[in-house]
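Peer 1: Numbers in our numbering are just positions in the first sequence, counted from 1, shifted up by 128.
Hints are supplied without guarantee of correctness; some may be wrong.
Stated by the list, open to error - Here are the simulated lysine-lysine pairs, PhoX-like style, with alpha carbons at most 20 angstroms apart:
#1 K318 with K252
#2 K252 with K304
#3 K420 with K625
#4 K510 with K498
#5 K616 with K510
No lab work stands behind these hints, which were simulated from the structure alone.
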Amino acid sequence: MVAPPPPGPQAGERVEGPHLRPTGAQAVCQLPLRAQAPHPVHLHPDVHPPAGGGAQGVTHPRPPAVQGEGVDLHPDGGARKANGLHHPGKGLGATVEQADRLHDLGVYRAAMSLPVIRIAEAGKYEGQDVELRGWLYNKRSSGKLHFLQVRDGSAIIQAVLFKGDVTPELFERADKLGQETSLIVRGTVKADRRSALGFELGVKDVQVIQEARDYPITPKEHGVAYLMEHRHLWLRSSRQHVILRVRHTIEKAIRDFFDQDGFTLVDAPIFTPAACEGTSTLFEVPYFDMGKAYLTQSGQLYMEAAAMAFGKAYCFGPTFRAEKSKTRRHLTEFWMVEPEVAFMSLEEDMVLAERFISFIVQRVLEKHEKELVDVLERDVSKLKNVVPPFPRITYTEAIEYLQKAGHPAKWGDDFGGDEETVLANQFDRPVIVHRYPAEMKAFYFRHDPANPQVALGMDVLAPEGYGEIIGGGERESDMATLEDRIQKHNLPMDAFKWYLDLRRYGTVPHAGFGLGVERTVAWVCGLHHVRETIPFARMMERITP
RNA sequence: UCCCCGAUAGCUCAGCUGGUAGAGCAGCGGACUGUUAAUCCGCGUGUCCCUGGUUCGAGUCCAGGUCGGGGAGCCA
129 MVAPPPPGPQ AGERVEGPHL RPTGAQAVCQ LPLRAQAPHP VHLHPDVHPP AGGGAQGVTH
189 PRPPAVQGEG VDLHPDGGAR KANGLHHPGK GLGATVEQAD RLHDLGVYRA AMSLPVIRIA
249 EAGKYEGQDV ELRGWLYNKR SSGKLHFLQV RDGSAIIQAV LFKGDVTPEL FERADKLGQE
309 TSLIVRGTVK ADRRSALGFE LGVKDVQVIQ EARDYPITPK EHGVAYLMEH RHLWLRSSRQ
369 HVILRVRHTI EKAIRDFFDQ DGFTLVDAPI FTPAACEGTS TLFEVPYFDM GKAYLTQSGQ
429 LYMEAAAMAF GKAYCFGPTF RAEKSKTRRH LTEFWMVEPE VAFMSLEEDM VLAERFISFI
489 VQRVLEKHEK ELVDVLERDV SKLKNVVPPF PRITYTEAIE YLQKAGHPAK WGDDFGGDEE
549 TVLANQFDRP VIVHRYPAEM KAFYFRHDPA NPQVALGMDV LAPEGYGEII GGGERESDMA
609 TLEDRIQKHN LPMDAFKWYL DLRRYGTVPH AGFGLGVERT VAWVCGLHHV RETIPFARMM
669 ERITP
């Protein structure tokens with residue numbers, strides 16, 4: 129738990145406007161608008177393949193202003209209200225139209241032999257004419273030239289229009305395009321030191337796919353609540369783009385780590401018959417004639433079965449908690465990865481956890497150090513420390529330390545957020561706290577043979593106040609002991625029959641842990657709140673978008 | 001469930017001890033051949049969250065409600 133001086137942006141944080149997002153140029157639901165009499169070299173063969181959806185009537189070459197059914201085309205930006213923004217598909221056979229569009233694009237490419245490239249690889253095409261497909265991120269102008277910032281999901285490039293290089297119609301039109309207008313740009317890649325990317329595009333031609341108006345996320349500040357309402361668009365912003373790419377890298381690193389280490393991915397079920405641990409509040413769902421089922425709060429028990437089958441196994445999936453927690457580190461739906469290993473002790477579990485976390489963090493640094501610094505303003509020196517071994521202290525030592533530091537903690541209490549932060553702040557990398565009072569832990573933890581008062585469990589606390597990112601430990605492998613615990617915890621023995629079978633048929637010592645993906649991403653990125661670490665956050669009072 | 005804070009223009013906010021609201025940005029029109037949240041000139045914008053109360057008069061004070069933000073407990 130955490131309640132610390134938030135490292136990242138504060139509660140009232142503002143976030144930038146523009147956006148980013150991958151995906152190819154597709155799903156075009158609006159007829160393209162084209163510059164009249166385009167650049168001589170790059171004439172638009174405004175010839176659609178025999179328009180199957182002839183309803184559009186847009187098969188004529190270069191109409192001055194074509195009116196289709198429900199769709200008006202405007203050669204300039206003057207008549208935007210009529211520009212069909214609000215009825216994209218009206219009167220269109222969308223499928224046919226899309227097909228035409230894609231076919232159409234193919235014709236252009238073939239006819240002009242222009243490579244269609246992603247912006248991130250623009251450097252490979254210096255001096256060449258290329259085609260980019262994307263969205264207008266922002267624009268500026270200065271009299272006789274316009275600067276269009278175009279993004280395609282891979283990066284942003286500045287496309288420069290000189291008045292003398294394009295038709296007057298196109299030049300005027302370009303100045304009126306709204307943010308997030310989808311477009312295709314053709315031009316020459318040029319090296320330029322003034323560009324963040326190192327390259328610019330000298331524009332020869334712009335083809336508008338759909339003209340966007342009044343995009344809600346402007347290049348100015350917005351509140352978090354507003355941005356969360358527009359999460360589906362907020363994903364396009366450069367900040368969100370970095371965060372979700374780091375999440376992607378972390379998820380890939382998780383899979384790579386376990387894959388390289390001989391683990392088998394075994395997916396755990398989402399519907400479960402009862403509370404696995406008997407602790408948290410779960411989401412109930414009706415389940416045919418069998419009464420109620422619950423959304424999983426952990427795949428661990430199933431991973432114990434998997435570990436007995438595969439030796440080393442892990443699951444990686446969503447987890448659900450119905451607790452009414454309104455904090456910056458809680459979601460009702462979050463992702464957790466849970467490895468479980470046969471013949472593994474608590475000590476080895478801690479070694480696995482520190483190797484695992486270090487691997488993830490170093491992988492993120494390899495791939496995203498520049499973005500972490502430039503966009504998220506993360507102090508990466510604190511991440512570079514994250515290498516084994518991690519400091520380890522027992523719960524009892526932690527309590528003693530807190531008491532010396534003047535906290536009213538006593539043995540048997542769980543740590544509050546403040547205490548966790550105080551502990552974590554003593555170290556320059558994650559700290560492992562182990563051997564908690566047995567009573568605080570779930571029934572399946574093995575108790576320490578040297579001191580039955582404590583369970584062989586461990587938590588990994590992230591630095592800088594991010595709190596618990598891993599919880600795990602060694603499981604009870606003795607059947608009689610386990611049966612006894614299930615009874616004492618008042619859990620339904622029936623539901624654990626299969627679980628006890630794991631002890632009946634070839635039981636072995638085993639251990640594992642669970643790592644919360646969102647908290648890990650929040651820590652690595654230095655974010656204030658976990659809601660930014662998942663594409664569409666589910667929280668107590670938010671289920672849309 | 002409990003505690004604290006907030007709600008004013010499309011967005012972000014200001015609005016003092018009560019006198020019927022105003023900045024920046026966005027939008028629109030114009031200027032500018034190197035802009036980087038471009039700049040400069042001009043234009044428009046309001047159920048001041050809702051209901052009731054106090055008052056000559058409420059954005060402002062009071063009560064209740066709604067919605068949002070943060071925290072506690074619990075967890076990853």
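Peer 1: Given the hint that K616 pairs with K510, test it: the Cα-Cα distance must not exceed 20 angstroms.
Peer 2: 44 angstroms, violated
Peer 1: Mind checking the alpha carbons of K318 and K252 for me, to see if they're no more than 20 angstroms apart?
Peer 2: 11 angstroms, holds
Peer 1: Are K252 and K304 close enough, with their CA atoms no more than 20 angstroms apart?
Peer 2: 31 angstroms, violated
Peer 1: Holds or violated: K420 with K625, Cα cutoff 20 angstroms?
Peer 2: 19 angstroms, holds
Peer 1: Compare the distance between the alpha carbons of K510 and K498 with 20 angstroms, and conclude whether the hinted pair is satisfied.
Peer 2: With a Cα-Cα distance of about 15 angstroms, the restraint between K510 and K498 holds, given a limit of 20 angstroms.
This entry does not satisfy hints 2 and 5, going by the numbered hints stated previously.
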